[in-house]
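J.: The residues making up each chain are set out below.
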Amino acid sequence: MATDERLAAQQWPIVTRRWRAFGWIAALTTVYAVSWQLVGIDLGRAAEGLPRLLDWGARGWPPDFSNPQVLALRAAETVAMATLGTTIAAVLALPLAWLAADGISPSKAVAVPIRWWFNALRGIDSFIFALIFVAAVGLGPFAGVLGIGLHVWGSMAKLYAESMETANLRPFKAAVASGANRSKAFVFVLLPDVVRDLLSVTLFWWEFNVRASTVLGIVGAGGIGQMLKNSMDLLDFPRVVAVILVVLALVTAIDQVSALLRRRVA
Amino acid sequence: MSSPVLVVEGVRKRYGAHQVLHGVDLAVAPGEFVALLGPSGSGKTTLFACLTRLLEPDEGQVTVNGRPVTGTRGRGLAAARREIGMVFQQYNVAERLSALDNVLAGRLTHQPTWRAALRRFPDADRRAALAQLRLVGLEALAAQPAGTLSGGQQQRVAIARALAQQPRVLLADEPVSSLDPVAAEGVLSTLSGIAARDRVGVLCSLHQEHLATRFATRVVRLTAGRIVNPEPSNPAPQRSA
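Taken in order, these protein sequences are the chains called A and B.
Per our numbering, the first sequence starts with residue 1, numbered consecutively.
Per our numbering, the second sequence starts with residue 1, numbered consecutively.
Chain A with its partners taken away, still in its complex shape (with noise of 0.2 Å):
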């Protein structure tokens, strides 16, 4: 009898393991069933479409690079946007991502609300950023910057604070044993030991930065996304091509200096 018993209770499980399956594989079907009527998939369209891509980029060809000065010196309006708004990002971050990590902080009752706020920037994409500070300090480079040091400002600040969180609190906490507050002890013993962490994820949000801010312009923040639209907007398909390929280009130029330079702190 006893026997049976535990039979029965060994196998409950598997049962129930079996449903729970029936269950995940039924959820994810309508997931896909609603999301592809949502979305309106017409591969209809896409067929017809394609041809015109096609001929789109048959009539890009050659590639427009008249004025390379201007798509030089939109290409650094990028860089540079991305530069000022990593740089603000990185400055404001740095502060409350001390008060917001856990075990560092000098106080819960501040890092809780702070965290809320991380959250709130992370939440609003450096895009909509963008939009609203277009309206707010007019067209131009200015208005990106803001953008992208608003919402990097969170996110950096998340990274941050869990590169101190990770880092060997041991010492911090034999500062704070010895009567030395938390401020000291942390500007003193765990700002030297996590600051090559921290640059590594300033140097991250740099090149991601550099990455969003090619597609600000679109929203009239400046930079090379800018020139895009407007060669877009006219039908100027030699120039669109040429302006998407000195992204590439940029792109992956800052790509690989930031990998260099993240190797070289690491």
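Worth flagging that the hints you see were computed from the coordinates, not collected in a lab.
No incorrect hints appear here.
A short, non-exhaustive set of chain A residues, derived as facing chain B with CB atoms under 8 Å:
| no. | residue |
| --- | --- |
| 1 | A177 |
| 2 | G179 |
| 3 | N181 |
| 4 | S183 |
The beta carbon of each residue, even a glycine, is placed where N, CA and C say it ideally should be.
Fit chain B to the known structure of chain A by using the hints.
T.: For chain B alone, kept in the frame of chain A given last:
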């Protein structure tokens, strides 16, 4: 015998249902080197953490040099902690900082935050830190990142850091258990020298009996969460009967 510099009365600590410390009573006089023996799991590390309130004891009082450590917070707690130098089993030195900067970390508590932020300590502090490194035999390695030093050297940096606080009490939690025998003897003779010369009260947990009897002026045992069997040769005031 002068009055004790560290007094521990009735300290209790439990983790959930597990009572680790059942009321620890202990006193250490200036210049004494008290070895605390006990098997692993007997609560030595918990006791040390409670003495500096890195862990909050459930009950009991701790007094250092007449200042209460328990029942105080903020500046009062910082002032009491300043009197206690800690040496840890795993050294707990900042590996990317130089040996000298690690020792200067012991001076943080005496300096304002802006000096810590700018890493500008007064010359007197730098000289004192160098003197501590000389005392533990590492003056020549002052500029080396602590992470490049051997275990025994890192532990001596940690001792120098604790001394830089100018504490009245030095707590060393298994300071030699990660070290080879030669390095261990070097560290323990440094500690006993400090007790004798600077009149600091040293409480040092160990698990090697022979090291305890060789270096300590008194040996106590932590068994089942209580201090038992104070050695009869004990010349210091002992509150528990």
